Amino acid sequence: MFNRLEISVLPPGPRWTAQLSFRIDGEEVVAAAIGEGGRGPFVEEALPVDGQGPLWATAEGRRVVLGEPECTGGCCGYLSVFVQRHGEIVEWSDWQVPVDEARPAAFHFDADQYDAELTRALTAFTSCCLPRGWFPARRSRPE
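Counting along the sequence shown from 1, when you hit position 136 you're at 136 in this note's numbering, and nothing is skipped either side.
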């Protein structure tokens with residue numbers, strides 16, 4: 001059975017640019033692991049409009065920073081996960097967490113649903129936070 005990923009775009013505020021919020025199986029993952037006052041990843045870093053962001057899973061895999069506590073990641077550590085595609089499965093594993101925070105479990109997503117959710121979140125970001133009439137280049141599925 002696969003886990004279910006839901007990504008929300010949090011609009012820019014007085015302190016931060018637009019951020020992403022991640023719910024896995026209905027539970028907010030970043031906020032639970034970084035504590036109150038922390039932040040998730042900035043949309044333009046995690047899902048850049050050119051389509052080459054770190055959240056897009058590849059067979060090679062990579063570590064992706066998903067958040068940092070209010071005191072900054074340089075002080076207490078970042079929340080990061082290793083994202084890798086295994087055929088039709090995307091795996092989030094090998095979590096690194098800020099000091100004294102709980103480490104989430106490994107998660108496994110259906111690759112097609114995962115890609116569709118990233119595309120949906122990118123569309124939500126361009127709708128809420130980019131100038132009207134601006135469209136990102138189409139992105140093909142990673143190999």
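If you're looking for bench data, these hints aren't it; they were derived computationally from the structure.
Note that the structure is predicted; figures quoted are calculated from it, not measured.
All C-beta atoms in this analysis are idealised placements derived from N, C-alpha and C, irrespective of residue type, glycine included.
Be aware that one or more of the hints could be misleading.
Unchecked claim - Restraint-style ranges between C-beta atoms, simulated for each label pair: (1) E45 / P14: 24 to 34 Å; (2) P14 / A59: 34 to 44 Å; (3) G13 / H86: 28 to 38 Å; (4) D50 / A105: 26 to 36 Å; (5) V99 / T119: 20 to 30 Å; (6) T58 / P14: 28 to 38 Å; (7) S8 / R62: 16 to 26 Å.
Verification of the hints:
One distance hint, 24 to 34 Å for the beta-carbon pair E45 and P14, is violated here, with the actual separation near 19 Å. At about 40 Å, the CB distance of P14 to A59 agrees with the hint of 34 to 44 Å. For the pair G13 and H86, the beta carbons lie near 37 Å from each other, so the given range of 28 to 38 Å is met. Between D50 and A105 the C-beta distance comes to about 32 Å, which sits within the given range of 26 to 36 Å.
A hinted range of 20 to 30 Å for the beta carbons of V99 and T119 is inconsistent with their spacing of about 35 Å. About 36 Å separates the C-beta atoms of T58 and P14, a value consistent with the hinted range of 28 to 38 Å. S8 and R62 have their C-beta atoms about 23 Å apart, which keeps the hinted 16 to 26 Å range intact.
Comparing the model with each earlier hint shows violations of hints 1, 5; every other hint is respected.
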